[in-house]
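**Q** Hey, can you work out the whole structure from these sequences and the hints?
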Amino acid sequence: MSFPEVQVKYWLVVLSLLFFPSIGRSQVKIGFIDVQRAISESQAGKRAKDRFQAQVKKAEADLLKEKQELERLKSELDKKGPLLKEDERRNLEGDLQRRYVNYQRTMTDQQQELRQKEGEMTGDILKELEKIVNEVGKAEKFTLILERSQILYSDQAIDITTKVIDVYNSRTKK
Numbered sequence: 007m008s009f010p011e012v013q014v015k016y017w018l019v020v021l022s023l024l025f026f027p028s029i030g031r032s033q034v035k036i037g038f039i040d041v042q043r044a045i046s047e048s049q050a051g052k053r054a055k056d057r058f059q060a061q062v063k064k065a066e067a068d069l070l071k072e073k074q075e076l077e078r079l080k081s082e083l084d085k086k087g088p089l090l091k092e093d094e095r096r097n098l099e100g101d102l103q104r105r106y107v108n109y110q111r112t113m114t115d116q117q118q119e120l121r122q123k124e125g126e127m128t129g130d131i132l133k134e135l136e137k138i139v140n141e142v143g144k145a146e147k148f149t150l151i152l153e154r155s156q157i158l159y160s161d162q163a164i165d166i167t168t169k170v171i172d173v174y175n176s177r178t179k180k
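Going letter by letter, the sequence shown gives residues 7 to 180 in this note's numbering.
Incorrect hints may appear among the rest.
[Said to hold, decoys possible] No farther apart than 30 Å at their CA atoms in a straight line, the calculated lysine-lysine pairs in the DSS-like style are these:
#: 1; residue 1: Lys86; residue 2: Lys63
#: 2; residue 1: Lys91; residue 2: Lys80
#: 3; residue 1: Lys35; residue 2: Lys144
#: 4; residue 1: Lys55; residue 2: Lys179
#: 5; residue 1: Lys147; residue 2: Lys123
#: 6; residue 1: Lys91; residue 2: Lys35
#: 7; residue 1: Lys55; residue 2: Lys133
#: 8; residue 1: Lys133; residue 2: Lys144
#: 9; residue 1: Lys169; residue 2: Lys63
[Stated by the list, open to error] Derived CB-CB ranges, DEER-like:
#: 10; residue 1: Gln162; residue 2: Gly129; range: 54 to 64 Å
#: 11; residue 1: Leu79; residue 2: Leu152; range: 49 to 59 Å
#: 12; residue 1: Lys63; residue 2: Glu92; range: 41 to 51 Å
#: 13; residue 1: Arg121; residue 2: Gly87; range: 51 to 61 Å
None of these hints come from the bench; they were simulated from the model.
Where is the CB? At the ideal position from N, CA and C, for every residue including glycine.
**A** Structure follows, in C-alpha cells:
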C-alpha cells in the first residue's frame with residue numbers, strides 16, 4: 007500500500023468518526039490551541055523573550071563596535087595609504103581584510119548561537135505546554151486538540167489557549 011493510499015484511508019476514518027459519531031464515540035469534542043500565542047503570552051514566554059532580547063542587544067552592540075572600528079581603520083587607510091610605503095600599506099590592507107573576515111564570521115556565529123538559544127528557550131516551554139494540553143484534553147474529555155496554524159477556520163468557542171496559558175502561569179510563578 008502506497009503512502010497516499012494510507013493517507014486517504016486515514017482521513018476517511020477520521021472524517022467518518024467526525025460525521026458519524028455513532029460509529030466511534032458517542033460524542034466528539036474538538037479543541038485547538040494557538041501555540042505561538044501561548045508562548046508569547048505566558049509569563050515564562052515573556053521572561054524568555056526578555057532574556058533573548060537582552061542577548062540580541064548585547065550581540066548587536068558588540069558587532070556595532072567592531073564594525074565602527076573596521077570603518078575607522080578603512081578611513082585611516084584611505085587617508086594615509088598613498089603616503090605609506092608599499093609593504094606597510096599591504097600589511098594594513100591585509101590586517102583590515104583579516105579583521106573584516108573575522109567580523110563576518112563572528113556575526114554569523116552569533117546569529118547561529120542566538121537562533122539555537124531561542125530554540126532551546128522555546129523548546130522548554132513547548133514541552134511544558136504539551137503536558138498541560140494533554141492534561142486539559144483528558145480532564146475535559148476532548149477527542150482531538152489541534153494546533154491553530156493547521157486550521158483554516160474554527161469557532162473561537164473551541165479555543166483552549168487561554169485555559170492552557172492560565173494553567174501554565176499558575177505552575178511557573180516565580
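**Q** Going through the earlier hints one by one, which of them does the structure break, listed in rising order?
**A** 1, 5, 6, 9, 10 and 13
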